[in-house]
Amino acid sequence: MKITTILLAGTMGVAAFAALPEQLKAQTLTTMESPRSDTLEVPMNRAVVVESDVPFAELSIANPGIADISTLSDRTVYILGKAPGRTTLTLLGPDGRLIMNVDVAVTPDVAEFKERLRQILPGERIEVRTANDGIVLSGSVSSTARLDRALELARRYAGDKVSNLMTVGGTQQVMLKVRFAEMQRSVSKELSGSLGFIGADVLGAGNNIDGTNALINPPRSITTEKTGALGVGFSAGGVEFGILLEALESKGMVRTLAEPNLTALSGQEAEFLAGGEYPIPVVGDEGSITIEYKPFGVQLGFLPRVVDGDIINLAITAAVSGVDDANSIQTSDAFAVNAFKRREAKTTVEMRDGESFAIAGLLQDDFSDLNGQVPWLGDIPVLGALFRSSEYQRAQSELVIIVTPHLVTPTRGEALALPTERVRPPTEADLFLRGRTYRANKGAAAEVARQDFTGSYGYVME
1216 MKITTILLAG TMGVAAFAAL PEQLKAQTLT TMESPRSDTL EVPMNRAVVV
1266 ESDVPFAELS IANPGIADIS TLSDRTVYIL GKAPGRTTLT LLGPDGRLIM
1316 NVDVAVTPDV AEFKERLRQI LPGERIEVRT ANDGIVLSGS VSSTARLDRA
1366 LELARRYAGD KVSNLMTVGG TQQVMLKVRF AEMQRSVSKE LSGSLGFIGA
1416 DVLGAGNNID GTNALINPPR SITTEKTGAL GVGFSAGGVE FGILLEALES
1466 KGMVRTLAEP NLTALSGQEA EFLAGGEYPI PVVGDEGSIT IEYKPFGVQL
1516 GFLPRVVDGD IINLAITAAV SGVDDANSIQ TSDAFAVNAF KRREAKTTVE
1566 MRDGESFAIA GLLQDDFSDL NGQVPWLGDI PVLGALFRSS EYQRAQSELV
1616 IIVTPHLVTP TRGEALALPT ERVRPPTEAD LFLRGRTYRA NKGAAAEVAR
1666 QDFTGSYGYV ME
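Heads up, the sequence shown is in the numbering used here, so the first residue is 1216 and it goes up one at a time.
Please keep in mind that the hints were generated in silico from the structure rather than gathered at the bench. This one's a predicted model, so the numbers in the text were calculated from it and none came from an experiment. Any given hint might turn out to be false.
As a list, the in silico DSS-like pairs of lysine-lysine whose alpha-carbon atoms are at most 30 Å apart [what the hints assert, rightly or not]: (1) Lys1561 <-> Lys1392; (2) Lys1556 <-> Lys1404; (3) Lys1509 <-> Lys1392; (4) Lys1466 <-> Lys1556; (5) Lys1556 <-> Lys1392; (6) Lys1329 <-> Lys1376.
All chains should be modelled from the sequences, with the hints used to inform the complete structure.
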């Protein structure tokens, strides 16, 4: 019974709706559109006064937290920006009709920021815009230092809501020229005397025993490892005597010179190695032996930053290393591992384009003096020299590292010449008939190729 009643009521409702006029069936809620819809920008914490073309009777603001409004007359509105954002101002006429919808955009106040930016960084092409509640910087600056200053000033006004779209102009590639100059000098002097004798029931020797025995026993000969020696053998009363004087003097000098050049972009690190890698055995966790390679030679690493104009900040690591054959260790697995001699400098300097700094200098002077003698006999005046040996050694080392940065720009490939372009392989006639090991090309590179290696080269160190 109840289900039949509900179906009957539904049928009657559908029939009644079908009998209504078409205009009553249409939507009764419409959106009012104003003839004009403008956008009004209001700086935050500042006010603007706007005037309507027609008098209004009522006005409202969609979000009072963004902007505050008040009326000054029936045509004038006072708008105060309170917080960054966008809202809508609505004006209604006396008859309730919509006069205008105004989009109110409250933005950070950048007028003072622009003025300060022109005062602090004059001549820089920096454009300032607002985006929501932040500041957008675009354009170009002449250096990274000026870029940092502009960003720091912008953060004073907008905090962390600063968008950086600026680019850095000017030359931003740095070529670093490093000169390593090392001189090593060594002097060694040695003088020793030896005396030996042999008789029927007596014999003795001091210092170089093998050398005196060779003088006493026929055939007499001089046995020594020194550069020069003088031996005398004679007999006295059935006793054979031998006197041996040995002398050694050696001098040596080693000059090492390297000039690596390396180019990198400002703010990017670059590394350079001219040398090799030395294998070193390493014992693993399970006793297995693996090989690790340690680089040696001329090493250079630097991080350039073009600070302002032609001022360059350099973080430099320069090193000269080599295998030291004089010092080595012997492992239990019959591996002989040599030591390394390494001179390294690590620093940060700041200089202009083309200026030079001696960032490191090593002056080392090693001296040793050794005196060996036969006890008591070596203290005898005059004759004691035959039972003594004196040794003198001195080694000096001088190392200088000089750096010079340059601001560089790319050039055309034709303007660059490779070392291999200076010479060409010789023909058979040049090699066998004329004794020439190369054929020089024409041009400036050929002039360099014609220079021989008989003259002075590099630096003169007194």
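Here's how the hints hold up against the structure:
no. : hint                : in the structure
1   : Lys1561 <-> Lys1392 : 16 Å, holds
2   : Lys1556 <-> Lys1404 : 25 Å, holds
3   : Lys1509 <-> Lys1392 : 25 Å, holds
4   : Lys1466 <-> Lys1556 : 21 Å, holds
5   : Lys1556 <-> Lys1392 : 24 Å, holds
6   : Lys1329 <-> Lys1376 : 16 Å, holds
No hint from the list above goes unmet by this structure.
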